[in-house]
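Enquirer: Listed below are the residues making up each chain.
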Amino acid sequence: MSLSRRTFVAAGFVGAAALAAAAWLRGPHAPASRTPRRALDADGEAIFAAVAPVLLAGALPEDKAARDAALAQTLDGIDTAIAGLSPTAQAELSQLIALLALPPVRFAFARVSDAWPGAAPAEVRRFLDNCRKSRATLMRAAYDALHDLTFAAWYGNANSWAAIGYPGPPQVT
Amino acid sequence: MTIADPIEAGLRGGWNVIDASRAERDLALDADVVIAGSGAGGGTAAEILARAGLRVVLLEEGPLRSSRDFRMQEREAYPDLYQESASRKTADKAINILQGRCVGGGTTVNWTSSFRTPPATLSFWEREYGLREFSTEAMTPWFERMEARLSIAPWTVAPNANNAVLARGASNLGMVTTAIRRNVKGCWNLGYCGMGCPTNAKQSMLVTTIPSALDRGAMLVTRVRAHRLVLAGDQVASLECFAMDAAGTAATSRKVTVRARTFVAAAGAIGTPALLLRSGAPDPHALAGKRTFLHPSVVSAALMPDVIDGFAGAPQSIYSDHFLETHPIDGPAGFKVEAPPLHPLLTATTLPDDGVVHAHWMRDFRRMQVLIALLRDGFHAQSAGGTVRLRDDGTPLLDYPLTPFVWDGVRRAFLAMAEIQFAAGAKQVSPAHGFGAPFTSLATAKAAIDAFDLRPLYTRVVSAHVMGGAPFGVDPARSVAGVDGRHHHLRNLYVCDGSLFPTSIGANPQLSIYAFAARIAAGLAESLV
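Protein chains in written order, with our numbering: chain C, 1 to 173; chain F, 1 to 529.
Just chain C, same shape as in the assembly (with noise of 0.2 Å):
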């Protein structure tokens, strides 16, 4: 797939300027999400809540009540790595969402024009894709914080290890 125009004006803003200036955007007050929180705000809840499926995709269970409580339980494991991050890294991480939540960067990464939490699954799989593939370095870097964050909290989560046969740490004592 080759990078689409609108995609490679979208890299070419990408920048610290823009990272400053979707922090600004956003304001300091982004709503209080539904569940309480340490470290996601609602942007960063909605976002990770799109791409967790889609990044999972063939490891998530068919059934849908299970599906939803892994996922449930794999947000819950990205807010608390967030929360274990240093205070930079968190801060580079909220601006960093805080520009993947404008509508202008969702729109040309993923042709997701309705907020995230509406985005289709084919919608994400193009930003993911766009976002790999782009020439700014900043949209892959943030592919890869998705990427971390989403299979870290699934795959240090001892429900997930059964699938793979992991049999989890031996017994010491």
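Hints listed in this document are in silico derivations from the structure and should not be mistaken for laboratory results. Worth double-checking, as some hints may not be accurate.
Unchecked claim - Straight line, CA to CA, 30 Å or less: simulated DSS-like cross-link-like pairs of lysine-lysine:
| id | chain 1 | residue 1 | chain 2 | residue 2 |
| --- | --- | --- | --- | --- |
| 1 | F | Lys93 | F | Lys446 |
| 2 | F | Lys89 | F | Lys290 |
| 3 | F | Lys446 | F | Lys427 |
| 4 | F | Lys290 | F | Lys93 |
| 5 | C | Lys133 | F | Lys93 |
| 6 | F | Lys89 | F | Lys255 |
| 7 | F | Lys89 | C | Lys133 |
| 8 | C | Lys133 | F | Lys427 |
| 9 | C | Lys133 | F | Lys446 |
Computed from a predicted model, the values in this text were never measured in an experiment.
Since the structure of chain C is already known, use the hints to place chain F on it.
Expert: Positioned in the frame of chain C, the structure of chain F alone reads:
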């Protein structure tokens, strides 16, 4: 069977240990020697200086943990025991750095691989930097001393299946592999070294030199970040530190000030240069933080016909230096080939791609085999490493540009690892780069690797070895410290960790750090008592 816990016993026996995150007021401490950092350098120095009868204060940013805390759970261990939750990144986020941040530093979480500094590295230092004092002959007694202290010995147990693939594949190609020596005593062969040894078999600083120093009256202050050396003329007067918060992720405004006769910087090759920079230490040639090396490493995953269970058994027991020896040391990047432990979280985050491709690899987790290639940096004229600088908040940031020199080595390393894996019988090989289908033959892998568009954040690059940034040397125009570790411009400040190295080591560096730290600390002890 109950595992004896030397930390618990020592604390019960009256060790002088303060958790600064729990301090209710600012602290002022006095010492003969204060050591910033409790890893391979600081831990080694602490024992030698305390044995000499000096009053030692040892500082550590991370927590004091013990075998009972090491539950072999990745999601607990990485945030608790590693810098930045094991996701410390270089400036452009293209390299992920694994670095310890707990009492014992990297030695508490490393994979126990123990190599003497290669003779080729020491002779390069002699030739290029005039470091005649550090010939292999001169260093041998120091290697022997630390090998004896830390039970470093050949590992005679059969390698786990993950390492056996390296031995078999290389052998089928006519390459030599060698068994890795390990610093263990009574090892259970579990495979969880990277999350802290749950049986105290690993002879890290945590269970050897640090308890020994504490038994001799040293004080240990944990969860404290060394912030700034306060200078007075050509001396350091005190070390200002900040207590960390309860979670250990951020510094608070609670101060810990240590006055001492002598100051030892052992905060690792990112932390030590950062401390010098924050302190405004005299640096007429702007050397502090420059030439910081990482052994940039790349990863290749293979699907094997049989069960590998790479999470079980000593994580590293076989290596090949074949590709360190195919070019001159200052030629194109050579690389060491090793195998890493495979645990679900670290494996899944390191594997490229996502969705069903990623899920398929993980479904075959038990048959997965992984090799890593560690590039030797700092020898070639085009390999200047990275630069540690300070963010606005004073925390360090390593800028390590991935240059054509590195990418050339990466391409050859991907090819070498795929060759070894297919030669050992791999069904599929997937270099950790970009995304797309795994390769089912060496021919297709080779064609693809030759065409790889290698670039930051597309190719996965990792590091577990940070070196350089405050090099020792005989020429003050090219070095920060003298060959005795003493800072060229501050006469009571010593550097005593991996930041002393003028290049990378070209092997896992723990034994190099132990040996040089022992030599520097022994000299310092002699000069002080």
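Enquirer: Regarding the pair F:Lys89 and F:Lys255, is the alpha-carbon distance no greater than 30 Å?
Expert: Distance ~28 Å between F:Lys89 and F:Lys255 Cα, so the pair holds.
Enquirer: F:Lys290 and F:Lys93: Cα distance at most 30 Å?
Expert: Distance of about 18 Å is within 30 Å: holds.
Enquirer: Please verify whether C:Lys133 and F:Lys446 have alpha carbons no more than 30 Å apart.
Expert: holds, 22 Å
Enquirer: When you check the alpha-carbon spacing of F:Lys89 and F:Lys290, does it fall within 30 Å?
Expert: holds, 17 Å
Enquirer: Mind checking the alpha carbons of C:Lys133 and F:Lys93 for me, to see if they're no more than 30 Å apart?
Expert: Holds - the C-alpha atoms of F:Lys93 and C:Lys133 are around 16 Å apart, at most 30 Å.
Enquirer: Run the distance test for F:Lys89 versus C:Lys133: straight-line Cα separation, threshold 30 Å.
Expert: Given pair F:Lys89, C:Lys133 holds - Cα atoms ~20 Å apart, limit 30 Å.
Enquirer: Mind checking the alpha carbons of C:Lys133 and F:Lys427 for me, to see if they're no more than 30 Å apart?
Expert: holds, 28 Å
Enquirer: Would you check the hint for F:Lys93 and F:Lys446, treating anything up to 30 Å between C-alpha atoms as holding?
Expert: Holds - the C-alpha atoms of F:Lys446 and F:Lys93 are around 28 Å apart, at most 30 Å.
Enquirer: Does the structure keep F:Lys446 and F:Lys427 at a Cα separation of 30 Å or less?
Expert: It holds: about 15 Å lies between the C-alpha atoms, which stays within 30 Å.
The structure agrees with every numbered hint stated previously.
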